[in-house]
Structure formats: C-alpha cells, structure tokens
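Chemist: Here's the letter readout for the chains.
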Amino acid sequence: MQPLPYGLADRYGPVFGPACVGEGDSDLTVGHPGEPLGERIVVTGRLLGPGGRPVRGQLVEIWQANAAGRYRHHADRHPAPLDPNFTGAGRCLTDDEGRYRFVTVKPGAYPWQNHDKAFRPAHVHFSVFGSSFVERLVTQMYFPGDPLLAIDPIFNSVRDPVAAARLVSRFDLATTVHNWALGFVFDIVLGGREATPLE
Amino acid sequence: MSGATPSQTAGPFVSIGTGWDSGAGMAGEDDLGAIVVTGRLLDGGGSPITDALVEFWQADPEGRFPPECRPGWRGFARVLTDDDGRYRLVTHKPGPTGPGNSARAAREAPHIDVSIFARGLLQRLVTRVYFSDEAANLADGVLASLGSDELRSRLVARRREVAGSLGSGPRVPPVYDFDIHLQGDMETVFFAPW
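Those sequence lines, one after another, are chains F and W. Anchor point for the first sequence: position 30 equals 30 in the numbering used here, and the numbering is continuous, going up by one each time. Anchor point for the second sequence: position 188 equals 188 in the numbering used here, and the numbering is continuous, going up by one each time.
Hint data in this document are derived by calculation from the structure and do not stem from the laboratory. Glycine included, C-beta positions come from ideal geometry on N, C-alpha and C. None of the hints are false.
One-sided and incomplete, this derived list gives chain W residues near chain F with beta-carbon spacing under 8 Å:
id, residue
1, Gly3
2, Ala4
3, Pro12
4, Ser15
5, Ser115
6, Leu122
7, Arg124
Restraint-style ranges between C-beta atoms, simulated for each label pair:
id, chain 1, residue 1, chain 2, residue 2, range
8, F, Ala19, W, Gly44, 36 to 44 Å
9, F, Pro54, W, Glu29, 37 to 45 Å
10, W, Asp83, F, Asn114, 19 to 27 Å
Turn these sequences into a full structure, and let the hints steer you where they fit.
Modeler: Now the structure itself:
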C-alpha cells in the first residue's frame with residue numbers, strides 16, 4: 001500500500017448544512033404507522049477530533065437491524081421478522097459541543113454465514129465525517145456486557161484492547177429517560193490517522 | 001497505539017444508512033462541462049462487488065476546495081454500486097491542485113480522491129482517479145512516486161467519447177472509464193489512510 005498523498009490531512013471535510021437533515025431524521029422510532037417493537041434506547045455522544053476538539057455541525061449517519069436482528073435490505077433474508085414500523089436508518093448534525101443524539105430500539109444479534117453459529121453482537125453502524133479527508137470513519141457501536149463480543153471476528157480484528165474498548169458504548173443513567181428509554185453513551189474520536197491496526 | 005476510535009466494516013447493508021439523497025453527484029447530466037466517471041468494483045476473481053459505497057472527493061474546475069471554492073460546491077458525492085458492481089458519477093472535471101504553499105509540494109494533476117466501503121473490508125480503501133487526457137499527469141508527484149508505468153496506468157481513467165458528445169445536437173457528457181480491482185493481478189493502487 002502506498003503512503004497517503006501529502007496534503008490530504010489538511011484537505012477539507014465536506015459540509016452538510018442543516019438542509020441535509022430533516023426534523024425526525026435522528027429518531028428511528030418515528031415515521032411509520034406505529035412504533036417499532038424492542039427496547040427503546042437513546043444513543044448519544046460527542047464527536048471529537050485529534051486532541052479532543054469537538055467536531056461541530058458535522059454529519060453523523062447510523063443504520064442497524066431491528067430488535068429481532070433483521071435488516072430492512074433485500075439481501076437479508078434470514079428467518080427473523082421484519083418490523084413494519086422500523087427501517088433502521090438515521091442521521092443528524094452534531095451540535096456546538098460536537099454532540100449527536102439518536103432515539104432508536106436496541107438491535108438484535110444478526111446471524112451471518114462466516115462460521116458455524118456465527119452471530120454478530122448487537123451493533124449500530126456509524127458513519128461520521130470529521131474536518132478533513134483523513135478523518136472520515138465508518139465503524140460499529142456495540143453494547144456493554146454482550147457475550148458475543150468475545151467471539152466476534154470483526155470486533156476482535158482490533159488487537160489493541162484499549163482501542164477495542166472504544167467501540168463499546170457505556171450504559172448511562174443520566175442519559176436514561178424515566179419510564180421511556182435506556183441511555184447509552186458512545187463518544188467517537190477521529191484520529192487523523194486511521195486507528196485499526198492491520199491484522 | 002492510537003487514541004482514536006477504530007474502523008469496522010461497513011457490512012453488506014451500508015445502503016440502508018447512506019442511500020439517501022445527499023445531493024448525489026456534483027453536476028447534472030445537462031450541465032455544460034459535465035463529465036461521467038464510471039466503472040466496476042471487482043474482487044480478485046473479477047466478480048462484481050455489489051452494494052458497496054464509493055465516495056468521491058474533489059476540487060472544483062478551478063482547483064479549489066471548500067471553503068474557497070465556487071459557491072455551492074461541496075466537492076463530495078457518493079454512489080452505491082449496482083448489481084453489476086458498477087458505479088457512475090456525474091461531475092465536473094477538477095482543476096489542477098496544489099497542497100498549499102509548501103516549497104516541496106508540486107502541483108497535482110487533476111484528480112478525484114476515492115474512498116471505498118464494503119462488506120469484507122475492515123476499513124476503507126483509498127485510491128485516486130486521474131484523467132487520460134491530462135498532460136499534467138507527467139508532472140504529478142503522486143503518480144511519479146508509484147515506480148512503474150503499469151502502476152501509474154491503474155490510476156488513470158480512460159476517456160471514451162460517446163455518440164453526441166462532440167459536435168451539434170444535445171450534449172452528452174464524455175465518459176471516463178475506471179474499474180477498481182480490490183485484489184489480484186490488476187489490483188488498483190491503494191493508499192494507506194494513516
């Protein structure tokens with residue numbers, strides 16, 4: 001692999017203004033005739049650049065399976081039900097503190113054909129833009145205490161345990177909403193250098 | 001060790017989250033000066049990679065990036081590959097660029113920086129598209145660093161005229177063909193994004 005061309009670390013990140021994100025785009029439980037089945041959760045956190053500076057007004061996109069572990073995609077035909085009240089895609093812009101916030105339901109584990117009895121741990125896919133080309137990141141957020149994390153080859157491709165721990169959200173009582181939703185915090189730190197060590 | 005959040009694969013269902021209309025493409029087909037860049041995303045065996053996310057980042061025709069570029073220019077577009085592994089981008093050809101005022105940096109030939117996200121890739125692949133009808137390629141520092149004409153040619157999109165793109169009549173944008181091979185003998189040159 002060739003070294004990255006000089007200058008791309010300084011080259012801008014695209015700007016997605018407020019016109020790109022609609023009211024309700026950050027709530028995955030609305031926009032359908034009824035509410036989706038599953039545990040309602042709030043997922044929030046800060047998008048930070050190298051050195052901890054907040055990334056303000058930048059686009060965050062998420063997608064996920066429903067509570068049964070089924071994706072609303074033609075290529076997912078495995079025997080778990082679709083939810084007519086759930087599509088599983090959302091987006092928002094970070095605020096002045098670099099904070100994003102989504103409301104959704106906790107996704108179920110999703111079986112794949114990688115090996116016998118292979119199930120991905122429950123996860124939410126995240127796509128984020130930073131301030132420059134090199135800060136672009138697509139990753140996955142996991143849930144604390146999930147027994148599948150220990151045996152998931154994708155999660156375990158990150159050999160550094162400190163780095164891998166950054167992929168796991170933290171249950172947070174302050175984010176939890178009484179009588180309504182559990183809260184999970186997931187901060188995302190953009191490296192300016194991609195952070196996954198090669199296998 | 002890094003303090004950053006690691007990358008994980010985009011997976012097979014990336015279109016669910018990224019297939020919304022972000023203003024796909026940087027030009028309309030009828031725009032004066034529009035071009036088409038198209039090709040197939042292929043694996044080592046030559047099979048198409050479908051449902052992959054390809055993102056394009058480039059300067060405007062004057063070689064400028066946000067925020068110094070022409071008004072309304074985002075310089076970014078994304079395309080999902082189709083059932084044949086094909087992507088198709090409608091844009092304006094970028095102008096030559098320079099990475100700033102550093103004395104060590106040569107001007108760059110017109111190019112588009114590309115990111116690829118797909119199932120099976122733990123992190124994105126980064127490559128770059130140049131244009132076959134640009135003499136500036138000969139002086140481009142990144143192309144020069146590649147070490148062989150064979151490798152250089154893998155980053156150059158071939159211009160193909162299509163019926164109607166020359167002469168009178170409704171304008172049809174010229175097409176630049178650029179297949180991307182993720183592995184194998186014809187593997188496209190990729191850049192380590194760190």
